[in-house]
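These protein sequence lines map, in sequence, to chains A and B.
Counted the way the numbering used here counts, the first sequence spans residues 31 to 335.
Counted the way the numbering used here counts, the second sequence spans residues 31 to 335.
Because the hints were derived from the structure by calculation, they are not lab data.
Worth double-checking, as some hints may not be accurate.
[Said to hold, decoys possible] Here are the simulated DSBU-like cross-link-like pairs (lysine-lysine), alpha carbons at most 35 angstroms apart as the crow flies:
| hint | chain 1 | residue 1 | chain 2 | residue 2 |
| --- | --- | --- | --- | --- |
| 1 | B | LYS120 | A | LYS120 |
| 2 | B | LYS267 | B | LYS48 |
| 3 | A | LYS48 | A | LYS267 |
| 4 | A | LYS267 | A | LYS200 |
| 5 | B | LYS183 | A | LYS183 |
| 6 | B | LYS200 | B | LYS183 |
| 7 | A | LYS267 | A | LYS183 |
| 8 | B | LYS200 | A | LYS267 |
| 9 | B | LYS200 | A | LYS48 |
| 10 | B | LYS48 | B | LYS120 |
| 11 | A | LYS183 | A | LYS120 |
| 12 | B | LYS200 | B | LYS120 |
| 13 | B | LYS267 | A | LYS183 |
| 14 | B | LYS183 | B | LYS267 |
| 15 | A | LYS120 | B | LYS48 |
| 16 | A | LYS48 | A | LYS120 |
| 17 | B | LYS120 | A | LYS267 |
| 18 | B | LYS183 | A | LYS200 |
| 19 | A | LYS183 | A | LYS48 |
| 20 | A | LYS120 | B | LYS267 |
| 21 | B | LYS183 | B | LYS120 |
| 22 | B | LYS48 | A | LYS200 |
| 23 | B | LYS200 | B | LYS267 |
| 24 | B | LYS48 | B | LYS183 |
| 25 | A | LYS200 | A | LYS120 |
| 26 | A | LYS200 | A | LYS183 |
| 27 | A | LYS267 | B | LYS267 |
2 protein chains.
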Amino acid sequence: MSNLQHALYGAVEAGGTKFVCALGEPGGRLYAQASFPTTTPVETLACVADFFVEAQMQHGPVVAVGIGSFGPVHVRPGSAQYGRIARTPKLRWEGVDMLGEIARAAGAPAAIDTDVNIALLGEARHGAGVGHDDVVYVTVGTGIGAGVLANDKIVYGFAHPEVGHVHVPKAAEDAAFAGVCAFHADRCVEGLASGPALQARWGTGAENLPPQHPAWTLQAHYLAALCVNLLVTCAPKRIILGGGVMAQAHLFPRVRASVRELLNGYLDFAAYGIELDDLVVPAQLGGRAGVIGALELAHDFAAAR
Amino acid sequence: MSNLQHALYGAVEAGGTKFVCALGEPGGRLYAQASFPTTTPVETLACVADFFVEAQMQHGPVVAVGIGSFGPVHVRPGSAQYGRIARTPKLRWEGVDMLGEIARAAGAPAAIDTDVNIALLGEARHGAGVGHDDVVYVTVGTGIGAGVLANDKIVYGFAHPEVGHVHVPKAAEDAAFAGVCAFHADRCVEGLASGPALQARWGTGAENLPPQHPAWTLQAHYLAALCVNLLVTCAPKRIILGGGVMAQAHLFPRVRASVRELLNGYLDFAAYGIELDDLVVPAQLGGRAGVIGALELAHDFAAAR
């Protein structure tokens with residue numbers, strides 16, 4: 031390719047409830063976008079095919095397609111199962127070759143990653159992480175998930191990491207709460223601070239808890255414990271917090287204050303030229319992070335071929 | 031350089047009690063090695079200079095020198111302070127330009143990293159991590175430190191991470207113990223499972239506690255909690271445990287059993303083709319990891335110039 035930067039790419043955000051498809055330039059203009067509900071693989075993938083046929087007729091062919099998929103999906107390039115949906119309660123999607131099907135539907139080579147890693151790429155390159163190559167993106171909602179970028183590369187290891195299951199100390203005032211994680215009960219952050227944990231502890235959803243409710247002090251504490259563990263493990267220059275629960279903007283100053291309290295003087299931020307206000311930050315791209323990140327993935331994939 | 035692989039390199043392991051210098055080939059033969067006590071910068075660095083003058087006269091010039099240094103040392107290449115010792119109780123060494131001084135002493139360009147990252151490089155390339163590019167090396171002794179390799183690159187972020195301060199849930203049977211971390215008391219692994227924590231909890235050192243002592247069940251539990259947090263954050267293919275406390279070989283099967291218990295079915299190792307016995311493993315290089323890793327650092331540094 032003579033000029034991959036200004037070439038056209040495809041993006042698919044394959045979510046559990048809807049698929050979003052787009053055609054555009056990485057970090058630039060979107061020429062076409064559409065979304066449709068996630069039903070059966072046959073039906074949904076037919077919509078993807080229709081979108082790419084029409085969008086490419088109108089705007090020209092895409093060089094490659096980037097996919098951010100609901101999980102569990104095999105995302106380690108080179109693995110035999112790469113691009114396939116693993117065991118899932120969405121039985122109709124189990125074993126579906128998401129990557130192969132979408133590549134065929136778009137008539138272009140494709141690359142795939144988890145929805146959260148795609149959002150990480152979007153936020154790191156065009157949102158709250160711009161200018162940094164060590165960034166963590168955390169989404170706090172029904173579950174707690176995260177993507178880790180170190181040295182400008184997504185960290186996979188043998189799986190894609192699931193930071194929501196980081197074990198953290200329980201707060202003394204929270205002793206009675208049993209936690210909601212199916213695996214780790216009250217030992218991990220997802221069990222203590224996900225949307226369902228808030229619901230279970232307080233008997234109502236995050237959206238109904240006013241800012242002065244004690245729920246938020248505890249919530250900030252647990253998110254801060256997650257941040258501390260990320261800081262001492264990867265020392266990211268940005269921890270970007272997004273997802274439904276983080277719509278509570280008052281949480282950010284509280285999380286930062288709790289990070290400072292928990293670190294208790296450890297990590298001399300000033301010596302590193304780091305301001306905590308710039309370190310723990312809200313996501314900037316909101317619902318657009320997936321499509322923007324998927325275009326980045328498509329670009330990287332094409333550039334590496 | 032026409033053949034960096036068979037060129038000669040220098041290694042300096044700058045420890046708090048002794049310096050080890052070597053001249054050799056990465057992953058291959060050591061042609062010269064010497065060690066001397068860490069005293070004043072002037073005295074100790076004069077010994078380094080003497081070593082390299084003599085060793086290079088005898089065996090030929092080195093292409094570059096790799097240094098693994100006691101901390102705190104600025105290790106982020108490109109930072110203004112790169113290679114300098116930061117604030118430290120070893121007052122005579124504070125502010126010393128370890129990198130510049132050793133480069134001058136050896137008459138060759140040099141690169142520097144922490145002692146634990148150097149041991150990580152050694153173990154990853156020639157020890158317990160061979161063949162893997164996602165590896166964590168943890169040393170459990172007076173403190174708990176770690177180096178993280180992701181996508182075959184050492185993870186720094188804004189600092190070099192200090193995994194010993196990962197916060198973990200406290201074991202119910204350990205409620206009375208106050209912990210020994212100066213920053214985090216009983217909230218982090220260093221406060222709960224370092225050598226001094228063992229000493230404080232049981233009134234005697236690790237070397238005096240027999241394998242059947244309850245100390246080891248608890249120790250395995252906390253080290254497993256650290257492993258779990260590393261697994262869900264980076265999913266390393268090897269977690270290499272070294273350092274004085276890990277000389278207790280009976281700890282390894284216990285740590286693995288505790289990892290399995292804590293994960294409670296989460297992370298389907300079999301689906302990833304992972305055996306826990308191959309995942310949590312002892313260090314293989316012992317005291318040689320530093321020199322072997324420093325030669326690797328020197329080689330990488332020369333190759334990138």
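Hints and how they fare:
no.: 1; hint: B:LYS120 <-> A:LYS120; in the structure: violated (59 angstroms)
no.: 2; hint: B:LYS267 <-> B:LYS48; in the structure: holds (32 angstroms)
no.: 3; hint: A:LYS48 <-> A:LYS267; in the structure: holds (32 angstroms)
no.: 4; hint: A:LYS267 <-> A:LYS200; in the structure: holds (26 angstroms)
no.: 5; hint: B:LYS183 <-> A:LYS183; in the structure: holds (10 angstroms)
no.: 6; hint: B:LYS200 <-> B:LYS183; in the structure: holds (32 angstroms)
no.: 7; hint: A:LYS267 <-> A:LYS183; in the structure: holds (14 angstroms)
no.: 8; hint: B:LYS200 <-> A:LYS267; in the structure: holds (29 angstroms)
no.: 9; hint: B:LYS200 <-> A:LYS48; in the structure: violated (41 angstroms)
no.: 10; hint: B:LYS48 <-> B:LYS120; in the structure: holds (13 angstroms)
no.: 11; hint: A:LYS183 <-> A:LYS120; in the structure: holds (30 angstroms)
no.: 12; hint: B:LYS200 <-> B:LYS120; in the structure: holds (33 angstroms)
no.: 13; hint: B:LYS267 <-> A:LYS183; in the structure: holds (17 angstroms)
no.: 14; hint: B:LYS183 <-> B:LYS267; in the structure: holds (14 angstroms)
no.: 15; hint: A:LYS120 <-> B:LYS48; in the structure: violated (59 angstroms)
no.: 16; hint: A:LYS48 <-> A:LYS120; in the structure: holds (13 angstroms)
no.: 17; hint: B:LYS120 <-> A:LYS267; in the structure: holds (29 angstroms)
no.: 18; hint: B:LYS183 <-> A:LYS200; in the structure: holds (33 angstroms)
no.: 19; hint: A:LYS183 <-> A:LYS48; in the structure: holds (28 angstroms)
no.: 20; hint: A:LYS120 <-> B:LYS267; in the structure: holds (29 angstroms)
no.: 21; hint: B:LYS183 <-> B:LYS120; in the structure: holds (30 angstroms)
no.: 22; hint: B:LYS48 <-> A:LYS200; in the structure: violated (41 angstroms)
no.: 23; hint: B:LYS200 <-> B:LYS267; in the structure: holds (26 angstroms)
no.: 24; hint: B:LYS48 <-> B:LYS183; in the structure: holds (28 angstroms)
no.: 25; hint: A:LYS200 <-> A:LYS120; in the structure: holds (33 angstroms)
no.: 26; hint: A:LYS200 <-> A:LYS183; in the structure: holds (32 angstroms)
no.: 27; hint: A:LYS267 <-> B:LYS267; in the structure: holds (25 angstroms)
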